[in-house]
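Sequential numbering from 1 applies to the sequence shown in this note's numbering.
The hints are simulated quantities; they were obtained by calculation from the structure and are not laboratory data. Note that CB positions come from ideal geometry on N, CA and C, so glycine has one too. Check each hint, because a few of them may be wrong.
Stated by the list, open to error - Estimated spans, in silico, between C-beta atoms of each pair:
1) D424 with N369: 28 to 34 angstroms
2) G202 with G71: 38 to 44 angstroms
3) P216 with C135: 34 to 40 angstroms
4) V121 with G399: 46 to 52 angstroms
5) G388 with G33: 35 to 41 angstroms
6) D32 with G345: 39 to 45 angstroms
7) D82 with E313: 32 to 38 angstroms
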Amino acid sequence: MAQQEIQQELYVDQYTLGLVGPDQEWAGTVADGGTVTTYTPPGCWGPMITPEFRGGHEVTRPIRVEGASVGDAVALHIRDVDVTSMATSTGSMAEREDAFGDDPFVDHRCPECGTEWPETVVEGTGEDAIKCAECGANASSFGFEYGYTVAFDDDHTVGITLDEDGAHDLAETADEVMDIPENSRQHPIVLYEPGEMPGTLGRLRPFIGNVGTTPPITMPDSHNAGDFGQFLIGAEHDYGLESEADLEARTDGHMDVPQVRPGATLICPVKIDGAGIYVGDLHANQGDGELSLHTTDISGTVTMDVDVIEGLELDGPVLLPTAEDLPFISKPYSDRERETGRELGEEHGVDVEDDMGPIQVIGSGATVNDATQNAFDRATELLSMSEGEVRSRCTFTGGVQIGRLPGVVQLDMLAPMDVLEDLDIAHLVREQYGL
1 MAQQEIQQEL YVDQYTLGLV GPDQEWAGTV ADGGTVTTYT PPGCWGPMIT PEFRGGHEVT
61 RPIRVEGASV GDAVALHIRD VDVTSMATST GSMAEREDAF GDDPFVDHRC PECGTEWPET
121 VVEGTGEDAI KCAECGANAS SFGFEYGYTV AFDDDHTVGI TLDEDGAHDL AETADEVMDI
181 PENSRQHPIV LYEPGEMPGT LGRLRPFIGN VGTTPPITMP DSHNAGDFGQ FLIGAEHDYG
241 LESEADLEAR TDGHMDVPQV RPGATLICPV KIDGAGIYVG DLHANQGDGE LSLHTTDISG
301 TVTMDVDVIE GLELDGPVLL PTAEDLPFIS KPYSDRERET GRELGEEHGV DVEDDMGPIQ
361 VIGSGATVND ATQNAFDRAT ELLSMSEGEV RSRCTFTGGV QIGRLPGVVQ LDMLAPMDVL
421 EDLDIAHLVR EQYGL
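Model the full assembly from the supplied sequences, consistent with the hints where possible.
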């Protein structure tokens with residue numbers, strides 16, 4: 001990927017066909033301390049039903065960051081997520097077994113003529129609307145096991161699920177309803193017009209499901225995580241991996257952690273020179289765990305400020321969520337709590353460590369237990385602590401939250417500020433929480 005002119009403010013509206021990796025074309029170069037704005041198309045469902053895609057998302061081309069080298073980290077300060085879709089469709093998925101090889105998200109093929117990653121055209125609406133351009137067969141790998149269509153209010157604060165007639169009306173203008181960007185190549189999922197669960201009201205709070213840095217190997221964007229990545233091990237398609245060890249190249253951009261939203265700071269590993277930031281898979285809302293495996297995919301713009309942290313070698317992301325999103329036990333101490341703690345320390349003859357800051361270490365793996373162990377391993381390496389100390393601190397001042405089943409978690413803790421100073425991230429924690 002050739003280097004480009006450094007820009008203080010960079011706008012990106014070019015996307016990949018479902019892949020992340022060092023062979024993708026740069027979208028541009030942003031200055032260290034600069035601002036990136038992306039116009040991001042919907043994630044999961046659209047690319048999933050568009051057989052031309054090699055992965056389950058449509059993410060931006062990678063963004064080079066001035067001065068970012070392998071072994072550094074980049075901090076992404078998420079300023080804004082502006083939803084531009086008026087509606088979406090989602091639910092739990094059903095696979096069409098004849099339309100793929102090893103993996104329905106990756107190695108698509110027409111069930112009739114056998115064309116791999118076939119180009120397709122849209123004819124009408126409904127689950128049979130996506131046709132192979134070669135033979136006219138229904139070429140999509142997915143349908144709904146249970147599906148619903150959601151319409152949003154103008155301010156994107158709530159959504160309601162529609163009946164079949166309402167879903168059909170939106171399907172007639174699906175591209176407009178979902179605001180599919182001009183350079184996007186996905187078919188909008190609203191075409192499928194699912195109408196189950198009508199009349200249900202839900203709260204909206206948009207976030208970014210897939211954001212981070214480019215891994216040093218090419219892989220499907222939806223599989224850049226320890227749980228989805230399991231499907232690459234032993235796969236015979238072009239992006240298959242030989243072993244679990246090969247999956248360690250991931251950067252865990254695909255988190256589906258709803259706390260990755262405006263006001264949060266995400267610290268990401270740099271595993272290729274230039275970092276290769278990318279953004280995708282915006283969601284209007286999601287409960288912890290993403291229990292249907294999918295949620296409300298949307299288009300929108302994302303604005304982030306970017307800083308390089310030299311020499312901070314990470315295996316996976318570290319999240320500083322908004323103070324509002326912190327669990328009670330992991331919130332920064334109040335002045336009164338500090339004072340009470342010091343008085344208690346004097347009573348018992350012990351110096352009280354009260355200069356602490358919240359961090360969340362992201363872990364991923366085949367299962368939630370594997371993901372938690374991965375987070376323990378990452379935290380012990382990052383903080384130079386034994387696993388026993390990490391487990392103890394996370395029990396006494398933190399915990400574990402589930403981003404996605406089967407295997408993405410956030411490991412919460414209040415970390416000693418002197419340790420964070422040594423990592424050169426204490427200033428980020430202090431700024432994030434007003435410490």
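Verification of the supplied hints:
1. In this structure the hint that D424 and N369 lie 28 to 34 angstroms apart at CB holds, the actual value being about 32 angstroms.
2. For G202 paired with G71, a C-beta distance near 43 angstroms keeps the hint of 38 to 44 angstroms intact.
3. Between P216 and C135 the CB atoms are about 38 angstroms apart, so this pair conforms to the stated range of 34 to 40 angstroms.
4. Taking the beta carbon of each, V121 and G399 are about 49 angstroms apart, inside 46 to 52 angstroms as hinted.
5. Between G388 and G33 the C-beta distance comes to about 39 angstroms, which sits within the given range of 35 to 41 angstroms.
6. As the Cβ distance of D32 to G345 is approximately 41 angstroms, the hint placing it in 39 to 45 angstroms holds.
7. D82 and E313 have their C-beta atoms about 34 angstroms apart, which keeps the hinted 32 to 38 angstroms range intact.
Violated hints are absent here; each numbered hint is respected by the structure.
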